[in-house]
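**Q** The listed protein sequences derive, respectively, from chains A and B. Here my numbering is used: the first residue of the first sequence is 104, the next is one more, and so on. Here my numbering is used: the first residue of the second sequence is 104, the next is one more, and so on.
There may be inaccurate statements among the hints.
[Said to hold, decoys possible] Result set (PhoX-like, lysine-lysine): computed pairs, CA atoms no more than 20 angstroms apart in a straight line: (1) B:Lys110 / A:Lys186; (2) A:Lys214 / B:Lys124; (3) B:Lys184 / A:Lys205; (4) A:Lys215 / A:Lys184; (5) B:Lys214 / A:Lys215; (6) A:Lys215 / B:Lys113; (7) B:Lys204 / B:Lys184; (8) A:Lys186 / B:Lys186; (9) B:Lys214 / A:Lys184; (10) B:Lys205 / A:Lys124; (11) B:Lys186 / A:Lys205; (12) B:Lys124 / A:Lys215; (13) B:Lys113 / A:Lys186.
Keep in mind the hints are simulated off the structure, nothing from the lab.
Protein chains: 2
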Amino acid sequence: MELLRQKVLKEGIVLGQGVLKVDSFLNHQMDPFLMREVGREFTRRFSGEEITKVLTIESSGIAPGIMTALELEVPLIFARKQKSLTLTEDIYVEKVYSFTKKETNEITVSKKFIAPGERVLIVDDFLANGEAAFGLARIVEQAGGSVVGIGIVIEKAFQPGNRLLQEAGYRVESLVRIASLEDGRISFVEEEEGLLS
Amino acid sequence: MELLRQKVLKEGIVLGQGVLKVDSFLNHQMDPFLMREVGREFTRRFSGEEITKVLTIESSGIAPGIMTALELEVPLIFARKQKSLTLTEDIYVEKVYSFTKKETNEITVSKKFIAPGERVLIVDDFLANGEAAFGLARIVEQAGGSVVGIGIVIEKAFQPGNRLLQEAGYRVESLVRIASLEDGRISFVEEEEGLLS
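Pulled out of the complex, with its shape left as it was, chain A reads as follows (with noise of 0.2 angstroms):
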């Protein structure tokens, strides 16, 4: 996605170890007008497929989550994300690390909004080690729900998450595939194979 790659290659800047910072346009500060593209290009990457809902996580996958839903005309949920919990019955919860605040947090969703035969569209703002996906693809599957496939919008394609949800059998769709952040220059998937100049 064109727009995207120049947005991440404009305004995105290199931390160390492999951290990208995109807080200008997606996760603080957001462009509503490319959340909306970001929407419409995972509504035309799935068209074909039939989706009941759209699950993402809070915060930063809930701009591009309800751009999605509102494309594809059906609801978003968000899955919260908490440090530790009281269980209840009524929820779903699944534990997913977090590599980069190196914490393990509990994600949870309400029972009653994934019913068994939901066809579900999992989409996050960021895929690196797949641990927030997996988590949320096996919340959908403890529902009686399909995942009809996993929408990142940026991929951070030198990190495994992509190849182990493939593995796992899960169709993943990433806007943007960054193949490497090394020397603080960003250099994505396409470039690398040599089919952008």
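On the provided structure of chain A, position chain B as indicated by the hints.
**A** Leaving out everything else, chain B in the frame of chain A:
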């Protein structure tokens, strides 16, 4: 806003102690069409105001916030909420007490996203005691910006937030105003005033 009022009546669940649960369309599952209408209604109510940014707070403010920002054609910023924080020079921090959760959070916004002179519309999902709205307003003012107004999706008018904000000089626009949740029944301010049958 009639659409929203109907949704609150149909799907809102009154819990004890003045708590209204609207997690089927606003706080956990979200209705994207309703969120778009909320964004359009805030834009209509604040038309004529020059607005340069929308500011909200994670997580439930993000969906109404991004739809408002889309209609207004300006960026959205969402403040982050955390229990405690390593201070840095790059962020504005305000303490916000949550009466519902009985805890104090620190809310933060990066300094680089609010410039002096910025004209900011604050949007949030709920207004009760006004703590979050005051915290967001103080951040805008610390930055040398001005608060054009405060747009609230659901106001609990039996709590003092609206009055306190207006006394402090802020314009508040609430899309629905709940007069009472007593005996498990949702009644609206307009009903009590005899404006509706």
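**Q** Hints first: check each against the structure and report whether it holds.
**A** Hints versus structure:
This hinted pair does not check out: B:Lys110 and A:Lys186 have alpha carbons roughly 32 angstroms apart, beyond 20 angstroms. Proximity of A:Lys214 to B:Lys124 is assessed by CA-CA distance (about 15 angstroms); at most 20 angstroms being required, the pair is judged to hold. Of the supplied pair hints, the one linking B:Lys184 and A:Lys205 holds, its CA atoms being roughly 19 angstroms apart against a limit of 20 angstroms. Of the supplied pair hints, the one linking A:Lys215 and A:Lys184 holds, its CA atoms being roughly 18 angstroms apart against a limit of 20 angstroms.
Distance restraint check for B:Lys214 and A:Lys215: the Cα-Cα separation of roughly 40 angstroms exceeds the 20 angstroms cut-off, and the hinted pair is therefore not satisfied. For a cut-off of 20 angstroms, the pair hint linking A:Lys215 to B:Lys113 stands: about 16 angstroms separates their Cα positions. As the CA atoms of B:Lys204 and B:Lys184 are separated by approximately 13 angstroms, the hinted pair is consistent with the 20 angstroms bound. Taking the CA atoms of A:Lys186 and B:Lys186, the gap is about 11 angstroms. The hint holds against a cut of 20 angstroms.
Proximity of B:Lys214 to A:Lys184 is assessed by CA-CA distance (about 26 angstroms); at most 20 angstroms being required, the pair is judged violated. Restraint check for B:Lys205 and A:Lys124: not satisfied, since their Cα atoms lie roughly 33 angstroms apart, outside the 20 angstroms limit. For the given pair, B:Lys186 sits about 17 angstroms from A:Lys205 by alpha-carbon distance, which is consistent with the 20 angstroms threshold. Straight-line distance between C-alpha atoms of B:Lys124 and A:Lys215 comes to about 14 angstroms, which keeps the hinted pair within the 20 angstroms bound.
At roughly 33 angstroms between alpha-carbon atoms, B:Lys113 and A:Lys186 are farther apart than 20 angstroms, so this suggested pair is violated.
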